[in-house]
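A.B. asks: These are the residues of each chain, in order.
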Amino acid sequence: DAKTTQPTSMDCAEGRAANLPCNHSTISGNEYVYWYRQIHSQGPQYIIHGLKNNETNEMASLIITEDRKSSTLILPHATLRDTAVYYCIVRVGTGGTSYGKLTFGQGTILTVHP
Amino acid sequence: DSGVTQTPKHLITATGQRVTLRCSPRSGDLSVYWYQQSLDQGLQFLIQYYNGEERAKGNILERFSAQQFPDLHSELNLSSLELGDSALYFCASSVAPRGETQYFGPGTRLLVL
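Heads up: the protein sequence lines correspond to chains Z and A, in order.
Residue numbering for the first sequence is 1 to 114, as defined by my numbering.
Residue numbering for the second sequence is 1 to 113, as defined by my numbering.
Any given hint could turn out to be false.
[Stated by the list, open to error] According to the in silico footprint, chain Z covers these stretches of chain A (three or more CB under 8 Å from chain Z):
id : region
1  : 35-46
2  : 53-67
3  : 72-78
4  : 87-95
[Unchecked claim] Over the 10 Å line for every Cβ pair with chain A, so calculated as not near, a few chain Z residues:
id : residue
5  : P7
6  : D11
7  : S41
8  : Q45
9  : E58
10 : T65
11 : E66
12 : T72
13 : I74
14 : P76
15 : V92
16 : L102
17 : P114
[Claimed, not checked] Straight-line distance between alpha carbons at most 30 Å, and here's what the computed BS3-like set of lysine-lysine pairs gives:
id : chain 1 : residue 1 : chain 2 : residue 2
18 : A       : K57       : A       : K9
19 : Z       : K3        : Z       : K52
20 : A       : K9        : Z       : K69
21 : Z       : K52       : Z       : K69
22 : Z       : K3        : Z       : K69
23 : Z       : K69       : A       : K57
Keep in mind the hints are simulated off the structure, nothing from the lab.
Computed from a predicted structure; not experimentally measured.
The beta carbon of each residue, even a glycine, is placed where N, CA and C say it ideally should be.
Take the sequences, apply the hints, and build the full model.
C.D. replies: Rendered as structure tokens:
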């Protein structure tokens, strides 16, 4: 699985958009970008994933650059409950022989301020 | 609530002892994963089972073992416990073996004294 690089920490004001970047310059063509978050020692929570097209769900939007070497997770209207560690993970999706292992890096600590 | 349950929530034991952590996956999920989260190592994948069979192994110590039962619940057995085994242990589940979306339980916090 490709290695990812994320900023150690970020701040965001409540109600504003939080944009969390992730670099994955060695990503392969069959690898997906996944985002999970972990709120203070709770179990990680799946947010969104994508291959090359931008994706949106009820939680967030995922913007992947055309060369796929980086992506941005967008929380459109951050709330205090979005304070968490956000993990960007790159792994093979439905193709290939890789199984279900998720490799978590250090992630980005997002702090949402009132 | 992810639908994945783990028991117990907290466990305090002594070095050299053996403990068993239990996980019930979401209804319909066939794959179970175990992860360890310690302060110095972060979240690390231990092992995966799919429909009762071991599918992938990570950095799991030989003192640790796991199994998945016919009703799909899973147990993680930790023996000859050491201080360094103190950590949060998470179980996750997914429908398919490749685990595109994994749903995590609340974890078991293990403290070895």
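A.B. asks: Hint by hint, note whether the structure agrees.
C.D. replies: The hints, checked one at a time:
1. 35-46: With 5 residues close enough to chain Z, the hint holds.
2. 53-67: holds (count 3)
3. 72-78: Per the Cβ count (0), the hint is violated.
4. 87-95: holds (count 4)
5. P7: 16 Å, holds
6. D11: Non-interface label stands for D11(Z): nearest chain A Cβ at 22 Å, farther than 10 Å.
7. S41: 6 Å, violated
8. Q45: 7 Å, violated
9. E58: 14 Å, holds
10. T65: Non-interface label on T65(Z) holds, nearest chain A Cβ at 22 Å vs cutoff 10 Å.
11. E66: Given a closest Cβ separation of 23 Å, the condition holds.
12. T72: 20 Å, holds
13. I74: Correct as stated: the minimum Cβ-Cβ distance to chain A is 19 Å, above 10 Å.
14. P76: Given a closest Cβ separation of 21 Å, the condition holds.
15. V92: 8 Å, violated
16. L102: The claim is violated: L102(Z) sits with its nearest Cβ about 6 Å from chain A, within 10 Å.
17. P114: 27 Å, holds
18. K57(A) with K9(A): 24 Å, holds
19. K3(Z) with K52(Z): Holds. K3(Z) to K52(Z) sits at ~17 Å (cutoff 30 Å).
20. K9(A) with K69(Z): Distance ~39 Å between K9(A) and K69(Z) Cα, so the pair is violated.
21. K52(Z) with K69(Z): This hinted pair holds, its Cα atoms lying about 10 Å apart.
22. K3(Z) with K69(Z): With Cα atoms ~11 Å apart, K3(Z) and K69(Z) stay inside 30 Å; holds.
23. K69(Z) with K57(A): Satisfied, since the Cα-Cα distance of roughly 28 Å is no more than 30 Å.
Of the numbered hints listed earlier, those contradicted by the structure are 3, 7, 8, 15, 16, 20.
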